[in-house]
Amino acid sequence: MNAIEKKPAKLSISTNLGRIIRTVIGVAVLIWMALRFYNVLTVEPFGADVWTRIAISGLILGGMYALIAIGYTLVYGILFMINFAHGEVMMIGSFGGYFAFEILKNIPTPTADDPSLTFINAYPILSIIIAFLIGMSLASMSGYFLEKIAYRPLRGAPRLVPLISAIGASIFLQNAAQLLFGPQRRDYTNPGILWRGTGWTVEIAGSPVIITYTGVFSFVLSILLMIGLFTLVQRTKLGRAMRAVAQDKKTAALMGINVNQIISQTFIISGALAGAAGVMWGIHNGLINHYVGFIPGIKAFTAAVLGGIGNIPGAMIGGLTLGILETLGPAALGIDFQLKDVIAFSILVLVLIFRPSGILGEALSEEKL
Amino acid sequence: MKTKHASPLQNGLQAGAIFAILIIFFILTGFNETAANLVGRVLNNQVPNQLPATINLVIFVILMALWCGGMAAKKPELDAPDRYSDAVFAGAVAGLLAGLLSAAFIYLTGSIAAAGTDMRGYFPEMSPDYINFYLLNQPLMTAVLYHFGIMLVGSTLGALMARGIGRSSWRKKLNQEVSSSTKKLSQNSAFERVMNSKYSQYAMFALLAAALIILPREWGPYWNYLMGTVGIYILLGIGLNIIVGLSGQLVLGYVAFFGIGAYTFGLLTSPQPHAIMMNFWLALIAGVIMAAITGILLGLPILRLRGDYLAIVTLGFGEIIRILLKADILEFFTAGPKGLRSLAQPTLFGQSFSTDVDFMYLIILAVIISIFIANRIEKSRVGRAWLSIREDAIVSQATGVDTYRYKLLALAIGAAFAGLAGALFASRNQFTGPEDHILMVSINVLCLVIVGGMGSIPGIILGSFVLKGLPEILREFEAYRMLAFGALLVVMMIIRPEGLLPSSRPLMENHKPDSQEKNQGEVVEDAAHS
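Line order of the protein sequences matches chains C and S.
Just so you know, we're using this note's numbering here: the first sequence kicks off at 1 and counts up by one.
Just so you know, we're using this note's numbering here: the second sequence kicks off at 370 and counts up by one.
These are calculated hints, taken from the structure and not from any lab test.
Be aware that a few hints might be false.
[Stated by the list, open to error] Below, computed lysine-lysine pairings styled on DSSO-like, alpha-carbon distance capped at 30 Å: (1) C:148 to C:237; (2) S:707 to S:695; (3) S:707 to S:567; (4) C:340 to S:707; (5) C:105 to C:237; (6) C:340 to S:748.
[As the list claims (entries may be wrong)] Reference excerpt, derived from the structure (chain C facing chain S, CB under 10 Å, subset only): (7) 179; (8) 345; (9) 354.
Positions of the beta carbon are idealized from the N, C-alpha and C atoms, including for glycine.
Here chain C stands alone, though its shape is the one from the complex:
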């Protein structure tokens, strides 16, 4: 959009006051952070092993955030709406993977060596693939129907209306899952090769640091999925159609692109990525319940904003950055780990105040912002 930048002719007192307050907040936050960080480094310094551990868990978390954030960005790029229920799509994917593992766990597959073996341990790689396929397809389906039921009838309505509808859908899905599966947390059963807590041990600064198999698996898979998505968007016909629709729906329709179909497919793709993130979340963290998608959803939105909403590489970078900042933040600032959510939300607020276009975002025109 090549909208002409509008410059306000005269700033009112309150606008100026807002600017002053923004500056004051910014400077205060920076000074406070520098002081805390200095304090942490000098008074009670952590060893290199602790920092490595934190950075690794941040990267793993960031990979999952990035996958979810791509979904927000894809949908925002095309419809200019925040798909508030995207976190719930991830939750559905997570439950899909859980049930896949639970079923595979109970299929007896006796082999010559061990007659009591079940499918999940006889064919571990196949089980993981099945779990991901089930989780991703369930999440895709829910994304598709979400768009069809809750958003499509509101196409063209003012922005507040689909947003409220999305909030409603989010509450609905969360509570439907609670009613179906109960409020208790559920334990993911991983195949033996991906046991949680096991991994390679690396010696750093004299103490062992475990790099878990589940963590490496999640991170590598999320990077692979991101590369796949990037290729899809840049190289294929579908990707070109998606970019065209994101730029200008009307012209895209005139060029023979079925806009509704492309929007549906966008929801399917973003649902699949969120579903994959959901299964990873279960495999890596172990516990899921109906609420599992909500906070990651909001944080992934933060990541999308941080990277520049509507921008796919931005969402990836934003996700990884947020994951690292969120785990590194409490340690670097020397505050309670309980407050890591506060750090994520503060980043959201600060980014929106100081640089709403994000790290990679273009300077958005007033209307799009």
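Chain C is already provided as a structure; the job is to place chain S on it using the hints.
Chain S alone, transformed into the frame defined by chain C:
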């Protein structure tokens, strides 16, 4: 982009699939039992502490089947013939599909249960008793056949009935009926004359005042508690209405202001952890002012952002406040997860004024004053500035409205109402803790504003009664309340975005462009709304 005409077969398959999913969902969540209980309450054949009678479930399934048929028998497009045979065919197809799928599901769960597997590990509602209940206490195959037969016959009958009644599209009908009935009331000249005469208005006021004075004395502590909660939610609704309904800024972290009001009040009056022990009225005012100041401080940097961003930032802010209240490191200041106890009670001229009846009066008084204030502001220059910002911020700025300042004012005033509600809530409960200030409160208030009608105070009062009062009365549905809220928000946005009792001023903002414009809707939206 006109879609093709839906054939009866398509209509039938669609309705059948939707109802099959619905029935399976109802079975899995245990809703069948709840619904049968409700039927039992209507028929008055309920035995306490027992599963409801089988006949109640059968009645519920029949109702579902009739509804399914009604959904299937859609009115065809204008130029297609509207035939009985089509409707009946669609109904039969819907019944067949829904019956087949639900029967297959019932057979599956029934046989799993018969094999002795307990499904409660995965689906907590699926107890053997409950499975037996929806199998109608019959052998498996008989029950499956019953369910299938009821669905098929009921759906066909339902389609026939719907066609016979001569349905138009039900949403349009609902809208027409509501608006025509309100119109009728206001246009009927005799009625209008009576309503508008001064004396009848005095009489109405007198009646209302008498009811408000007498009822809290008569209906006992339970109703006082319930109606007090409704009153507090009316206060919250009035405040959020100023922000969302009048000035058009979507704020999702409204609970933060509620929490700040409650905590300011609590910290000033509780013996722990500060022992300031301030007077009730002073602390109440402090809570209101503190919430308003927070509103301004939050608004100054972020009100530049528009719609959806603002929603997420405030949502994040609400979560930050809740986490900080809960955090252990702030325990010396906010008492952490324990919360604040034994807060001040209202006093009046040195007398204690804190029974449930007194509190009900206090809340009623607060609501009346708030309604008065909100009404006066809405009709003032400020209110008109808000409305112009809501309809079109750019045009309103061009006509000389300082949009930033007025948005800030809206946020501050809305926050002040939330602070008042929070302080009253904390004082009435004698307690406030982090769990009183969860996100769900924001969502509830947003729901009641939207369901009642954005920008309309009667709508908010109705919304509070519907969303806070009704679920307490329909106790069976307690577990399904949030589910229904979510569905209600989506449905309201699709069929009636202006709410049940919309304000008399037309809400242009909420109206979809006409269907011809739908394709260019995005363009229109981008250009016109910011």
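Holds or violated: residue 105 of chain C and residue 237 of chain C, Cα atoms, limit 30 Å. 40 Å, violated
Please verify whether residue 340 of chain C and residue 748 of chain S have alpha carbons no more than 30 Å apart. At roughly 45 Å apart (the allowed maximum being 30 Å), residue 748 of chain S and residue 340 of chain C break the hint.
Below or equal to 30 Å on CA atoms is what counts here, so check residue 707 of chain S against residue 567 of chain S. 54 Å, violated
Interface restraint verdict for residue 179 of chain C against chain S (beta-carbon cut-off 10 Å): 4 Å, holds
30 Å limit on alpha-carbon distance, applied to hinted pair residue 340 of chain C and residue 707 of chain S: 21 Å, holds
Are the Cα positions of residue 707 of chain S and residue 695 of chain S separated by 30 Å at most? 8 Å, holds
Hint residue 345 of chain C vs chain S: min CB-CB distance below 10 Å? 4 Å, holds
So if I understand the rule, the pair passes when the alpha-carbon distance is 30 Å or less; does residue 148 of chain C with residue 237 of chain C pass? 23 Å, holds
Can you verify the interface hint for residue 354 of chain C: is its Cβ closer than 10 Å to any Cβ in chain S? 9 Å, holds
Hint compliance for this structure: hints 3, 5, 6 are not met, and every other hint is.
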